[in-house]
Amino acid sequence: MKRLIYIIILILFVGCHSQIEDTPNSKEIVFVEKNEENQDLDFNLESLKADDKLIMASNIPKTLNPILNTDADIAQMLNLMFDTLINIEQDGSVSPNLAKYYTINYENNSVIVVLEDNIKWHDGTMLDAFDVVYSIQLLKETEDSIYHVNSRNMSYALALSSNTVQIFYNHSFSGVLQTLFFPVIPEHIYAKNVNSAPIGTGAYKLAFETPQKFISLISNEDYFKGKPNIPFIEVYYTPDNVTALAMFDRDKLDVVYTETMNWFKYDKNAKVYEIPLNKYEFIGINFDNKILRNINVRTALNCAIDKQNLINIYYLGKGVVSSTPISPNSYLYNGYEEKLTREMTQISLTKAGFTLENPLKLEMLINKDNQERLLVSEEIIKMYAEYGIIIIPEYVDEVTFNKRVYNKEYELFFGGWKFSYMPDFSFIFHSKSDNFINYVNKDMDLLLHNAFVAKEHELLEAYDQLQLYIQKELPYISLFFKYGALITDERISGEVFPLPLNIYNNIQLWTIE
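Okay, so the sequence shown: first residue is 299 according to the working numbering, each after it adds one.
It is possible that part of the hints are untrue.
As the list claims (entries may be wrong) - Mimicking BS3-like on lysine-lysine, the simulated pairs with C-alpha atoms at most 27 Å apart in a straight line are:
id : residue 1 : residue 2
1  : 716       : 740
2  : 563       : 347
3  : 637       : 770
4  : 706       : 740
To be verified - Derived CB-CB ranges, DEER-like:
id : residue 1 : residue 2 : range
5  : 549       : 441       : 37 to 47 Å
6  : 642       : 738       : 22 to 32 Å
7  : 739       : 389       : 24 to 34 Å
8  : 661       : 771       : 14 to 24 Å
9  : 493       : 586       : 44 to 54 Å
10 : 763       : 659       : 32 to 42 Å
11 : 586       : 428       : 32 to 42 Å
12 : 763       : 649       : 38 to 48 Å
13 : 401       : 563       : 42 to 52 Å
14 : 423       : 611       : 26 to 36 Å
15 : 706       : 457       : 42 to 52 Å
Hints were generated in silico from the structure; no laboratory data involved.
For every residue, glycine included, the Cβ atom is placed at its ideal position computed from N, Cα and C.
Using the sequences and the hints, build the whole thing.
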């Protein structure tokens with residue numbers, strides 16, 4: 299049976315010493331098709347759907363400690379049992395969770411966090427500030443944790459009282475509040491054994507687990523946001539998201555999450571909740587190429603693509619066009635998009651000295667192992683051809699693609715980033731970073747610095763100026779941001795409002811009809 303094997307590596311970045319010193323490792327999402335029999339599709343579920351039970355799936359966990367966990371899919375499942383200090387909303391802004399207040403102190407580079415009152419751990423013990431301090435210490439020590447990046451700029455934390463924590467940072471930066479997104483675990487449990495059975499503050503608590511098979515959860519009657527409406531959850535362990543989707547197709551699951559390009563097929567027979575993602579698609583430009591340094595050439599390349607049509611064709615409209623690496627769904631978005639016309643493409647080509655008799659001709663590097671980009675690139679090449687722009691595709695495997703991008707051995711390349719929710723675009727555009735495109739611009743460097751160090755009241759203006767300059771300068775040909783989806787059985791209702799980093803947000807308000 300044909301299935302998709304996903305190689306997923308998150309880009310996580312935040313400046314710890316300055317906005318350019320901690321350049322991240324960067325990889326892309328690759329979709330590789332292989333023909334092989336999947337022996338894991340026939341799950342003999344030990345229980346059937348019931349009116350009081352939600353059935354879902356997760357990757358097989360190596361640990362149930364959310365701070366030690368290294369798998370983003372498992373982190374979503376662990377959100378059922380553990381709470382993060384703050385939430386990150388769909389637009390990337392922060393909102394209270396375990397922390398009810400948070401205040402930035404710019405004089406000593408710290409954040410003071412006040413916890414909600416009367417929150418209980420699943421064993422009945424009260425949550426306090428010392429648990430937060432312990433969680434930060436463990437997070438800083440656990441370098442392969444998916445949350446470790448949030449702690450890189452943290453120096454230390456102090457418990458000022460039973461419900462107040464002060465977190466000190468090495469340097470001030472504009473994404474400081476987003477660093478508060480990490481799970482809090484009880485010191486009195488995990489200081490004794492970091493691989494203890496899960497004890498959290500979440501909406502559900504552990505009933506029992508059959509390792510490698512499934513975990514059974516029961517509702518937390520003392521949950522600080524209110525007792526969940528659904529009494530029980532069973533989470534079945536699967537090898538990958540493809541298997542989970544197959545189980546959902548066979549009516550074995552109540553809920554599944556996916557980021558694959560064909561999730562919209564469920565629109566008619568299930569409930570689909572779209573989730574804006576920080577997954578950005580673009581065409582990279584090598585500024586060592588004299589032709590591509592010409593702003594008229596870059597303008598022509600930008601205007602010639604019908605970006606909305608790409609989304610309509612390949613994602614049935616499930617995405618959003620963007621002219622910069624700042625998503626139109628972001629709280630930082632400036633709202634300005636210049637209308638691109640056919641005439642602008644022709645005028646720009648003429649200004650650059652290109653005609654039908656002397657066409658613009660460029661090579662574009664494409665990862666042939668990435669099925670989504672392979673399909674989309676074919677349409678992009680057709681769109682360019684309508685204006686007489688000749689794009690010669692270079693189809694290479696994933697390893698060759700990454701090597702050539704890192705070595706800057708290309709004219710154009712079709713790629714993508716998955717951004718952190720801590721805003722900083724220095725690693726892709728700053729002159730002193732390894733920005734992959736040989737881009738050097740002192741004005742851009744200054745705008746990136748201003749955005750990175752901006753205080754709360756300066757943030758929107760700083761990012762407005764940065765976006766306007768990116769739109770003018772076109773260091774990338776920006777295409778669009780992608781969407782994911784939480785898909786539920788029709789019997790699931792209530793206030794379902796998934797967040798990108800917590801798809802089970804508000805699960806205490808879900809109901810089964």
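Going down the list of hints, with the structure as the test:
Restraint check for residue 716 and residue 740: the C-alpha separation of about 26 Å stays at or below 27 Å, so the hint holds. Under the criterion of a C-alpha separation no larger than 27 Å, the hint pairing residue 563 with residue 347 is consistent with the structure, at around 23 Å. Annotation: proposed proximity of residue 637 to residue 770 holds, straight-line Cα distance about 13 Å (limit 27 Å). Restraint check for residue 706 and residue 740: the C-alpha separation of about 21 Å stays at or below 27 Å, so the hint holds.
Judged by the Cβ atoms, the range 37 to 47 Å given for residue 549 and residue 441 holds: they are separated by roughly 41 Å. Here the CB-CB span from residue 642 to residue 738 is close to 26 Å, well matched to the stated 22 to 32 Å. For the pair residue 739 and residue 389, the beta carbons lie near 28 Å from each other, so the given range of 24 to 34 Å is met. For residue 661 paired with residue 771, a C-beta distance near 23 Å keeps the hint of 14 to 24 Å intact.
Taken as a hint, the range 44 to 54 Å holds for the pair residue 493 and residue 586, whose Cβ atoms sit roughly 50 Å apart. A beta carbon spacing of about 35 Å between residue 763 and residue 659 agrees with the range 32 to 42 Å that was offered as a hint. Between residue 586 and residue 428 the C-beta distance comes to about 54 Å, which lies outside the given range of 32 to 42 Å. Distance hint check: the CB atoms of residue 763 and residue 649 are about 26 Å apart, inconsistent with the given range 38 to 48 Å.
The beta-carbon spacing between residue 401 and residue 563, approximately 46 Å, falls within the hinted interval of 42 to 52 Å. With their beta carbons about 55 Å apart, residue 423 and residue 611 fall outside the hinted range of 26 to 36 Å. The hinted window of 42 to 52 Å between residue 706 and residue 457 holds, with their beta carbons roughly 49 Å apart.
The structure shown violates the earlier hints numbered 11, 12, 14.
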